[in-house]
Amino acid sequence: MARYLAHSLIFMLSICCWLSTAEAAVKVAVFPLQDLSQGDDGVNWPLTDQLGLALTEKGFEVLSRQTVISFMARHRIRALGNLETYAIRQARKDLDVTLLVLGTVCQQQTKPRPGVAVVISLIRADDGQTVWSNSIDLGETETRHLLGVHEPQSLDDLYPLLTKKILATWPADISVDAEKMQPFDIESTWLRPVYIHSGQEVQCSVRLRIPWSPKNRPQVLFKVGKRILQGEESIAKGFYDLTWREDGPDGRYPVSIAIQWPDGRRKIILLGSYFVDNQPPELELELKGFELEGKTTFRDRLLILPRLKVREPLTRWHINFSDSEGKSLLSQDGSGAPPERLFWRGQDNSGRLFPEGDYLLTMQVWDRAGNMGQGSKMVTVHRKAPKLTVAAQIIKQELIVDLLNEGTVPVAFWRLDMRIGTEIPLKLAEGTTLPAQISIPVPQDLTGKIITGKAFLQDILGNKTTLFIKDFMTLARPQTDLPAEGNLSDQDWVEEF
Amino acid sequence: MQPPSPPGKIRYGYLRKTNFNPAGFRPALFSTPRPWCVLLLLLLTTMIGGCGTSGRPQLQPLAPLPPHEICRVAVLPFINESNYAQADLIVYKILMSELVNGTTFRVTLEGDVRKAFRQMRIAPQQKPTFEQLRMLADRLGVQLLIAGTINEASEVSGGRAPNSQLVMTLQLIDAPSGRILWNTYHKKSGQQYQKVMHFGLVSSISGLARRMSQEILELWLQEGLKPCAD
Chain A
1 MARYLAHSLI
11 FMLSICCWLS
21 TAEAAVKVAV
31 FPLQDLSQGD
41 DGVNWPLTDQ
51 LGLALTEKGF
61 EVLSRQTVIS
71 FMARHRIRAL
81 GNLETYAIRQ
91 ARKDLDVTLL
101 VLGTVCQQQT
111 KPRPGVAVVI
121 SLIRADDGQT
131 VWSNSIDLGE
141 TETRHLLGVH
151 EPQSLDDLYP
161 LLTKKILATW
171 PADISVDAEK
181 MQPFDIESTW
191 LRPVYIHSGQ
201 EVQCSVRLRI
211 PWSPKNRPQV
221 LFKVGKRILQ
231 GEESIAKGFY
241 DLTWREDGPD
251 GRYPVSIAIQ
261 WPDGRRKIIL
271 LGSYFVDNQP
281 PELELELKGF
291 ELEGKTTFRD
301 RLLILPRLKV
311 REPLTRWHIN
321 FSDSEGKSLL
331 SQDGSGAPPE
341 RLFWRGQDNS
351 GRLFPEGDYL
361 LTMQVWDRAG
371 NMGQGSKMVT
381 VHRKAPKLTV
391 AAQIIKQELI
401 VDLLNEGTVP
411 VAFWRLDMRI
421 GTEIPLKLAE
431 GTTLPAQISI
441 PVPQDLTGKI
451 ITGKAFLQDI
461 LGNKTTLFIK
471 DFMTLARPQT
481 DLPAEGNLSD
491 QDWVEEF
Chain B
1001 MQPPSPPGKI
1011 RYGYLRKTNF
1021 NPAGFRPALF
1031 STPRPWCVLL
1041 LLLLTTMIGG
1051 CGTSGRPQLQ
1061 PLAPLPPHEI
1071 CRVAVLPFIN
1081 ESNYAQADLI
1091 VYKILMSELV
1101 NGTTFRVTLE
1111 GDVRKAFRQM
1121 RIAPQQKPTF
1131 EQLRMLADRL
1141 GVQLLIAGTI
1151 NEASEVSGGR
1161 APNSQLVMTL
1171 QLIDAPSGRI
1181 LWNTYHKKSG
1191 QQYQKVMHFG
1201 LVSSISGLAR
1211 RMSQEILELW
1221 LQEGLKPCAD
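Chains as they are written, first to last, in the working numbering: chain A, 1 to 497; chain B, 1001 to 1230.
Hint data in this document are derived by calculation from the structure and do not stem from the laboratory. Just so you know, these numbers come straight off a predicted model, no measurement behind them. All C-beta atoms in this analysis are idealised placements derived from N, C-alpha and C, irrespective of residue type, glycine included. Hints may contain errors.
Okay, the calculated bits of chain B under chain A, using three or more residues with CB under 8 Å as the criterion [said to hold, decoys possible]:
{"no.": "1", "region": "1106–1113"}
{"no.": "2", "region": "1124–1136"}
{"no.": "3", "region": "1175–1188"}
Once the Cα atoms are required to be at most 16 Å apart in a straight line, the calculated EDC-like pairs of lysine to aspartate or glutamate come out as [unchecked claim]:
{"no.": "4", "chain 1": "A", "residue 1": "Lys267", "chain 2": "B", "residue 2": "Glu1081"}
{"no.": "5", "chain 1": "A", "residue 1": "Lys223", "chain 2": "B", "residue 2": "Asp1138"}
{"no.": "6", "chain 1": "A", "residue 1": "Lys309", "chain 2": "A", "residue 2": "Glu284"}
{"no.": "7", "chain 1": "A", "residue 1": "Lys454", "chain 2": "A", "residue 2": "Glu430"}
{"no.": "8", "chain 1": "A", "residue 1": "Lys454", "chain 2": "A", "residue 2": "Glu423"}
From the structure, some residues in chain B lie toward chain A, with a derived Cβ separation under 8 Å [to be verified]:
{"no.": "9", "residue": "Lys1093"}
{"no.": "10", "residue": "Ile1094"}
{"no.": "11", "residue": "Val1100"}
{"no.": "12", "residue": "Arg1139"}
Model the full assembly from the supplied sequences, consistent with the hints where possible.
As structure tokens, then:
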């Protein structure tokens, strides 16, 4: 009898042990559920805890909330609802878990009726594979019953239903298959510069996260275009650096990292590309001024239109004005492409007007590879007032006035206002070409009166001249001295034209 | 199974389902209009009226699929053109879930995809360039990429007529070349799933996204997308 009891006891104990080991074997980490209804960083603790509890009741060993949170803090995991492979690998190592549960509450509402929509995923820690996932929505129409009985009234009523639904489709078998995780992880890459010209150096740096054992350490090489290059290794930190000089022709050069393990496995991963560009940008300067004697001439405003023959992105520009001796008088820099149009008012940086003369305008632009393109043109600043000559003569009781432009710049327009005395209008003449001749009959009764006049001339650059003629009759007499004429500045001309 | 459509031709799923009613046809039921017939007709209209689930996804093949089976796929973060905040995130998560649940693809973890986007400095709501697509494929070790845009999303909850509407466009991209293989457009409202009274009505974006994702995946598999054996 005693023997029978002993056997029974041993059998019972072994059953208990088997049950306890079988239940404890599957360790699960339930990560905080992301709650999009509370914003991108929202977390839903009630549902997380409910899920953890349900899994515990199902027989899984669920890690405590504190354990999971301290793991996330230790590995600086800030994102909710998803994990990267590296973090899963760390969870397997640090927490010794078999499965990870991640989830997101996509939508949640309490009014007018409670509703919730979640996505739950189960990730196998051994290979980082999502082995099961389910999206469930319990909305206001899904939870409504025909007769309205047992309808959930709050989220607290809804969560158990939701958990039950999640676990109803929980996979029965979560076996680890042969495919393991990628044996490495790229933490960061660096490839600079992306645009170069021949002869420049390019630097590439890769940091691989998983240090391999010396026995299985693969050879890590860089593939640049068709060349295979060996970089510098900092194995302890997982860094692989390569700096090389590129002398190849224009074109795109892909850069990859080639990893070859001792067992013959190979992996090539594209890291990025760089471009060799030896063609400087072709810049043309179009100037909106007046062409005089082969030079662009202006008085107070020059419009500069930089144009690229072939459009391409530019990184910076520089414009400079220098005098005939090559001395720089004004310059300006800018980043990116130059403005589509630039105005120059003929002033230097402090606002002083440039003296009259010829200046060399030069503009330089640089493309992304540092190639410099240049365009230059001669410009002339012309501010001299036009030289206007007024002559008069009397022939057969006709007063004939001749206007003559003695300057080199063509006339924009002119005007002659003749009056008896200073008030009575006698003749108003206008025109756009010179020389010009104006003829009027000599007034009959000029006793004690004089014929005065005001002649105005503006050239095409905007320079102006005004002449006052005190007495045309005196001017018309060749024997006598010329009447006094006043050349006024622009500011003295007040009459609206 | 429907035969695959010729390349470059848009398939209009719901046009195919439209019943052709020849002129002059008159069912015998209507030949003698009696009160019970009218009542029956009203009842039938009420019951069947909500069953308009004819809005099938429209598939536009742009290039042939790879001849071999596809094992690893990655879903790129979606672009949200709608006024519904987070519609891109919701549909993304649900499509990922349906891919894992309903197919045998090995779906790259969302965390790995987002990390690659960060490393390559691709801003949220920005479409990767061809080169970036190739780099993503290389880095994630996938054969196929799925990109998506949420064109419209709206939700009316509560009241007498809760409803939702979702319009999305998904693209299958050949990972090695970065070329778009298939373009799929799907537009649906929650009322199209309604059966009797309120039953079947989908009132949330999440519910609609789940059903529409299932329909799109079903169509892709029907049209010849071959996931590798489990």
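Using 8 Å as the Cβ threshold, decide whether B/Val1100 counts as touching chain A. This hint holds: B/Val1100 lies near chain A, its Cβ roughly 4 Å from the closest one there, short of 8 Å.
How about B/Arg1139: closest beta carbon in chain A under 8 Å, or not? Hint holds; B/Arg1139 Cβ to chain A Cβ min 6 Å, cut 8 Å.
Restraint check, 8 Å cut-off on beta carbons, for B/Ile1094 near chain A: holds (5 Å)
Does the structure keep A/Lys454 and A/Glu430 at a Cα separation of 16 Å or less? holds (12 Å)
Measure nothing beyond the straight line between the CA atoms of A/Lys223 and B/Asp1138; if it is 16 Å or shorter, mark the hint as holding. holds (14 Å)
Is the coverage entry for the region 1124–1136 of chain B by chain A consistent with the three-residue Cβ rule at 8 Å? Per the Cβ count (3), the hint holds.
Taking a Cβ-to-Cβ distance below 8 Å as contact, does the region 1175–1188 of chain B have at least three residues touching chain A? Not satisfied, violated; 0 residues make the cut.
Hey, A/Lys309 versus A/Glu284, does the alpha-carbon distance stay inside 16 Å? holds (7 Å)
How about B/Lys1093: closest beta carbon in chain A under 8 Å, or not? holds (4 Å)
8 Å C-beta criterion, at least three residues: is the region 1106–1113 of chain B covered by chain A: Three-residue rule met by the region 1106–1113 of chain B, so holds; n is 6.
Run the distance test for A/Lys454 versus A/Glu423: straight-line Cα separation, threshold 16 Å. Roughly 12 Å separates the two Cα atoms, so the pair holds.
Is A/Lys267 close enough to B/Glu1081, meaning Cα to Cα at most 16 Å? Violated - the C-alpha atoms of B/Glu1081 and A/Lys267 are around 37 Å apart, more than 16 Å.
Of the numbered hints stated above, those contradicted by the structure are hints 3, 4, listed in ascending order.
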